[in-house]
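Chemist: Chain A is fixed; fit chain B onto it per the hints.
Chains A and B, in that order, are what the protein sequence lines are. Per my numbering, residue 1 is the first one in the first sequence, and the count goes up by one each step. Per my numbering, residue 1001 is the first one in the second sequence, and the count goes up by one each step.
Please note that the accuracy of each hint is not assured.
Claimed, not checked - Facing chain B, from chain A, some residues (calculated, C-beta under 8 Å):
hint	residue
1	163
2	165
3	166
4	186
5	187
6	189
7	402
Just so you know, the hints here were simulated from the structure itself, not pulled from any lab data. Don't be surprised by glycine CBs; every beta carbon is placed ideally from N, CA and C.
Chain residues, written in single-letter form:
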Amino acid sequence: MNTFCIPAEKNVVFKTSVRDDSIRVLPGAAIFKVIMQSIYYVIENCSSFDTLKTLFGKTFAVRPGSRSESRITLWDSYDTILLNRDLAVFCNGRRWRLWNIGLWKEESLFISRGLPGKSPKPCRVFGDSDFGDKVKKLLGIRSLIRHKEFLLSEWDISLLNRDSKIVVKLSVYIIDTMSLVILRPLRGYEQEASEADKLLKEREGRCSFKKSMMNFIARDITVFAAPDNKNIFSKKILLLRDTAAAIVVNYLKVIRFYEEGVISDFDPECLHQYRVAMRKIRCLLSIIKGIFPGEELVRLKNDFKEIQQATNRLRDLDVNILEEEHYTALLPDGLEDEIKPLFMKFRRDRKKEFGQVSSFLSSRQYQKRITDLTGYFQKTAGLSRTEHSHDPVRPAVKTLIGKLYKKISSEIKVIHDDTPDDAIHRLRIGAKKMRYLLEFFAPILDKKRLGKLLLSLKNIQDILGTYNDLSVHICSLTGHKRAPNASSTDTMITGVLIGVLYSEKKLMKKRLIKKIKDFTGKSVQNNVNKLIENM
Amino acid sequence: MKVLACYSIKGGVGKTAAAVNLAYQFALENKKTLLIDLDPQGAAGFYFKVKSKKKFSSANLIDKKKTLLDYIRESDYPNLDVLPSKMDYRHIDLELDSSKNSLGSLNKSLKELKKEYDIVVLDPPPNITLLSENIFNAADTILIPVIPSTLSERTYEQILGFFDKHKYRFHKLRAFFSMVERRKNVHKSTMVLLKEKHENFLETIIPRSADVEKMGIHQAPLQTFAPKSVGAVAFKNLAREVLNNL
Chain A
1 MNTFCIPAEK NVVFKTSVRD DSIRVLPGAA IFKVIMQSIY YVIENCSSFD
51 TLKTLFGKTF AVRPGSRSES RITLWDSYDT ILLNRDLAVF CNGRRWRLWN
101 IGLWKEESLF ISRGLPGKSP KPCRVFGDSD FGDKVKKLLG IRSLIRHKEF
151 LLSEWDISLL NRDSKIVVKL SVYIIDTMSL VILRPLRGYE QEASEADKLL
201 KEREGRCSFK KSMMNFIARD ITVFAAPDNK NIFSKKILLL RDTAAAIVVN
251 YLKVIRFYEE GVISDFDPEC LHQYRVAMRK IRCLLSIIKG IFPGEELVRL
301 KNDFKEIQQA TNRLRDLDVN ILEEEHYTAL LPDGLEDEIK PLFMKFRRDR
351 KKEFGQVSSF LSSRQYQKRI TDLTGYFQKT AGLSRTEHSH DPVRPAVKTL
401 IGKLYKKISS EIKVIHDDTP DDAIHRLRIG AKKMRYLLEF FAPILDKKRL
451 GKLLLSLKNI QDILGTYNDL SVHICSLTGH KRAPNASSTD TMITGVLIGV
501 LYSEKKLMKK RLIKKIKDFT GKSVQNNVNK LIENM
Chain B
1001 MKVLACYSIK GGVGKTAAAV NLAYQFALEN KKTLLIDLDP QGAAGFYFKV
1051 KSKKKFSSAN LIDKKKTLLD YIRESDYPNL DVLPSKMDYR HIDLELDSSK
1101 NSLGSLNKSL KELKKEYDIV VLDPPPNITL LSENIFNAAD TILIPVIPST
1151 LSERTYEQIL GFFDKHKYRF HKLRAFFSMV ERRKNVHKST MVLLKEKHEN
1201 FLETIIPRSA DVEKMGIHQA PLQTFAPKSV GAVAFKNLAR EVLNNL
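This is chain A alone, in the form it adopts within the complex (with noise of 0.2 Å):
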């Protein structure tokens, strides 16, 4: 007799015939094999022990065993990554838990030495943990945020025959009215569980059991779920204009669910999600022409290009902040300490840059601005018509597809070793447009000549990123080391370390040089072709 793992999934029940290895489903059976899994009920106002037992007591003895009781903290990033995975951490004291929601089982533990109360915590406070790394990669650079404090009771109920034997074990967590009663069926025990799993089901209803876990555990907390624009394309005709509007208008709930975590600083990713999202409207303004009334458009890009720069300070000092280990680590041995008073800096200039963009993001005025252009967004059908605003959105896209891939094509033939940064500049941001259209299409393209575009897109955008962030860090530092007000030890710091970002920027210029040359050969060619005959 086989044995299997059943992920306990709630309503998925199996029989095996004696010897024989085959499984059949048996679509609302509660016929149990040899080796059974958990149930799980999740069931409003359930929480006390009488009702318990009015609800078992007919058919078994109901036994309460131990009980405790603990405050525990849920915490995941501000935009729910975790829950969003069916994920969560608690933290219950100096015990954090990577908790699996769906599977109600921890995924790792670490044990802190004390970490600080209510303030968020970037992954690397959990050092080199199998729950750091774990955590890590589902969360990139975010930092863990505290959402919300619960009273969770924990509680062993027995279900025993009328030999006083346990026939059934009952888990019940409590949290508020809500309670997760897990049901542990004991070997030999299949019918008894069968019954207990009758009168819970009576008693629950049919539910949804991710549904039921969710609410169970994240009732009151704004699980983020990012805007799909695959409803966009659901409807038979799809014009530009009235498309294009809709994609932007995703982005904007996007912008407006960073803004908050902005404001609270909650988390510098934030910023970065807040500034990607308005970066790519920008960037769907820009590359689809014809489709908005030329005046109108002017003062849209105007809009959103101003809002985006009262930002971009804040997001320098983000980004120069983040990168102190990795400046200290390319210092030579006994300068480590001297860059400290330049971070100090770098965090004072932040403090203060930080209460501008907050007084502004919570301004009236900007609250106005960006409720006007949700507003003009969500009624484009009002506009009068332009070159391309009726234009159906399929052809109108494979064209775009065509020429920008051309364009990226002829910018990567003309690089060479003394090409100047701005050439290098260009190609990164038509790469980046390229991206983005592909994104907002996605949709209607195919899946996996999609998928093949996008990650030679992808080879050549890395490499690209990281010769622009080495060109934006030598900027920054430079200004940093011409600033009036600089120290002797800043200027020699920051000198010491734009040297050697500038060697790293040339050997890394060689290796671009080599790599994008690929997005221009046959396989990416034959792609984008077959790419753009599929539509």
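Modeler: Same frame as chain A, now just chain B:
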């Protein structure tokens, strides 16, 4: 997987108490344990409040084409399962006699448990039959409780004689003193004598204890209701000694 049998020809020597308490202790030591009650009396199953399923029969035990797994029941304690006995075990010798493999059927049947359990503890009836010989073949260790008295000494030597005659492996045998009353001189002197005569006596001694008799009232292993009692401590030590020898 290791198979341990608590065996004696003589009844009332503390065999079932040993099987039950050892099985419980093994489970506490995180060994996935199965206690198989082979005695139609069903005392071992009684101690765990486990009854046999209706469809289970002795055929499941000795016919390798039939499974045991569907009839195993979980006890109230983690890591410990029980296969309770059935009254129809009283016919098991007849069934064994008519089977092709009268001495090795049990061994074959136990093989399907290999992947599931670390230790299987057998509690057979107090006799010497075909079933007993199946146990001699199947077990890795045969634990023999011996009350330090003249009759028990005679019983123990009968077992040794049987093993010798039928060429069973002596190295499987491990004896231990059971229901010992240290105040009794005959117990003290018998223990010394037997240890001198036979080298396979374990060090741990199980004292006679009223608490052991209370197992029937509580329907539970000794360690669950009298963990600090002399008997419970002794069984804990015996379990550790047995594990070291397995």
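Chemist: Does the closest beta carbon of chain B sit nearer than 8 Å to the beta carbon of residue 186 of chain A?
Modeler: holds (4 Å)
Chemist: Checking hints one by one. Is residue 402 of chain A an interface residue toward chain B, by the C-beta closer than 8 Å rule?
Modeler: Result: violated, 60 Å to nearest chain B Cβ.
Chemist: Tell me if the interface restraint on residue 189 of chain A is satisfied: Cβ within less than 8 Å of some Cβ in chain B.
Modeler: Check passed: Cβ of residue 189 of chain A comes within 7 Å of chain B, closer than 8 Å.
Chemist: Does the closest beta carbon of chain B sit nearer than 8 Å to the beta carbon of residue 163 of chain A?
Modeler: holds (5 Å)
Chemist: May I ask you to test the interface hint for residue 165 of chain A with respect to chain B, counting a Cβ-Cβ separation under 8 Å as satisfied?
Modeler: holds (4 Å)
Chemist: Is the interface hint satisfied for residue 166 of chain A? The criterion is a beta-carbon contact with chain B at less than 8 Å.
Modeler: Hint holds; residue 166 of chain A Cβ to chain B Cβ min 5 Å, cut 8 Å.
Chemist: Let me know if the C-beta of residue 187 of chain A comes in closer than 8 Å to any C-beta of chain B, holds or violated.
Modeler: For residue 187 of chain A, the interface hint holds, since the closest Cβ of chain B sits about 4 Å away, which is under 8 Å.
In terms of the numbered hints stated before, the structure departs from hint 7 and from no other.
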